[in-house]
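Q: Heads up: the protein sequence lines correspond to chains A and B, in order. Read in full-length UniProt numbering, the first sequence has 84 at position 84, and its numbers run on one by one without any break. Read in full-length UniProt numbering, the second sequence has 160 at position 160, and its numbers run on one by one without any break.
These aren't lab readings, by the way, just hints derived from the structure by calculation. We put the beta carbon where it would ideally sit given N, CA and C, even for glycine.
Derived, one-sided and incomplete: chain A residues facing chain B with beta-carbon distance under 8 Å:
no., residue
1, 9
2, 12
3, 22
4, 53
5, 55
6, 57
7, 76
Computed list of lysine to aspartate or glutamate pairs in EDC-like fashion (alpha-carbon distance at most 20 Å, straight line):
no., chain 1, residue 1, chain 2, residue 2
8, B, 575, A, 73
9, B, 6, B, 112
10, B, 575, A, 57
11, B, 580, A, 73
12, B, 580, A, 57
13, B, 286, B, 343
14, B, 480, A, 57
15, B, 494, B, 602
16, B, 286, B, 316
17, B, 318, B, 403
18, B, 114, B, 55
19, B, 280, A, 13
20, B, 271, A, 13
21, B, 286, A, 13
22, B, 561, B, 602
23, B, 127, B, 20
24, B, 580, B, 267
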Amino acid sequence: MEIVFKLFASLSDHLPAAARRTNALPLEVADDCSVAALIDSWSLPPRMVHLVLVNGEYIPPSQRAGRLLTAGDVVAIWPPIAGG
Amino acid sequence: MAWTRKVLRVNLTQGSCVSEPLNMAWAAQYLGQRGLASKYLVSEIDPLVDPLAAENKIIYATGPLTGTMASTGGRYSVVTKGPLTGVIACSNSGGFFGAELKAAGWDMIIVEGKSPRPVYLHIENDKAVLLAAEDLWGRTVWDTEGTLKKRHQDPLLRVSSIGRAGENQVLFAAIVNDLHRAAGRSGVGAVMGSKNLKAIAVRGTLGVGNIADPKSFMAAVAAGKKVLAENAVTGQGLPTYGTQVLMNVINEMGASPTRNHRDVQFEGARKISAEAMHEKRTTDGKTHLVTNQACFGCTIACGRISRIDETHFSVETKPQYWGASGGLEYEAAWALGNANGVDDLEALQYANLVCNEDGMDPISFGATVGAVMELYELGILTRDDIGLEAPFGSAEALCRLAEMTARGEGFGKVVGLGSKRLCTRYGRPDLSMTVKGQEFPAYDGRALQGMGLAYATSNRGACHLRGYMVSSEVFGIPVKTDPRETAGKPELLKAFQDATAAVDSSGLCVFTTFAWTMNDIQPQIQSACEGDWSLESLLQTGERIWNLERDFNLAAGITGKDDTLPPRLLNEPCKTGASKGMVAELGKMLPEYYSLRGWTPDGVPTAATRARLGL
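Just chain A, with the same shape it has in the complex (with noise of 0.2 Å):
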């Protein structure tokens, strides 16, 4: 199934290049994948995986293992950040 992942920050630089201007990847993944085997998947450093947005809905570390990913999804990351 498709999903559409997407990095930001510092961590748009595990995207490749040509993702990079729109931070964003459609990507397949298997169907029973989770949050947690997708950010596995990536080698991202955990210590930058902060914020996990499924569909908009953060996803705590303690939940991404048990959550499944379905088709159309929109999986995105940030490391630590703060603003306003």
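Place chain B on chain A using the hints.
A: This is chain B only, laid out in the frame that chain A set:
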């Protein structure tokens, strides 16, 4: 230095500048800056005074840590009765002006009366004089600052001034120092303009002193800086991406008010984000962002310095804008962009430059343009009214309206009244996205329930900086809470508001609290200042300040009924995003908030609360 114990009282009617001792009994209760200046203000003016009358006063106040070696210790606040809101206005600025004022030996300047002709205040340590400013009137902030540095032959002179917006009494006019740092909100610049006070130029060479326990202070400051440096947000995220990193986060959540709060997600957000500012433009191969910048003593350095595209329509014939300058910060980018549906990064930067150059709050300006564009699309405002086409998404309209408003031209005079008065004038007050007359910043109170409560209860009208619930509801600082949940939010908000009031009274920047807790801040204040500045005392000081401001606002005529949100946020659900279908559930939170504050069900501090806080 901690308190200099000196107040400069400037009477513009009489043309006098007089030194007087700081009220140390009040300092022990209100610390400094926001709190102490508010105490002076409420003690000296009639709450019912016309904000633009000579009887209003305007106070420029430092905190005890302003000008010290504490990280971010360069802040000052401008406190007055605000013309945009009719309630207390307290606008906080960074840059270098505050530290310079402190180094000149002053805790605060109280300005009263009205000058018969334009003047500026020149301070060189203990010498303060009012000088003629007829030649500066009608000139921009940038021009004024440069002119004064040349006139006094001192490139290190620090200047806080108004541009044409303040002179024209645009109700959201700002006071700008160091070219692009601003006491931005609530129209403090219009008060300065109403008094014919163009600028304050200060040079201080007296150095640091009066630290109660220098050795402990140095240790506490060093420990604090280590925490900031090692924290991923203050040590890496903010200096690299600035506040603009929020553009995509808030938008992905569906919490980004768009097109005057019609929508909560903006399809053009990515194009105006921090990530976009880091990319090379196709036109000239340069990045929009040039570098980051720190205010006095700051070890975070979140400020953005950018260079506009010289080929952009807004500046192609205006080389004066081609150099590197301040912006974009997140709140400004949102208000100029998302609120109007404009996704042209260069246009946003141009409008932002105009706001800096002529002293306007880009949040209120941008949000007011959002209301104009909605009224235009509804056919209530026409091209004949505005003088141009103004549909949502028009970068041309945004740029031109910025110029017109700053200069007081044509329809710009109406924009300069702010969203509430503008929408009321055209028969649709419901379309004004304001609380107590002040425009919202960049978070939707339907998607972030705690922020909705924060907006409704803010003592200076809609504001994110009085109780930044985003920190918890989005970033997880200090704890992650569900933004869609109302339970627990009143208690958390009260804690945020009280702690923020204390930080805003210290001379420190509230951005430190992304890494620091009050346990990091307290030792710095305690070692710098005489008296009891325990954690408990600091938090009670914050609570006292909050209630002092509330009392003033009640006396100025507001009631609990003003602690509300526009009908759109209460009745029109979010159309998309993680909070789709939700409205702001203010009614579920406000009674509990009043109760926690020790206020009556009508929102009035009880006698017991006042007695407990020594009010």
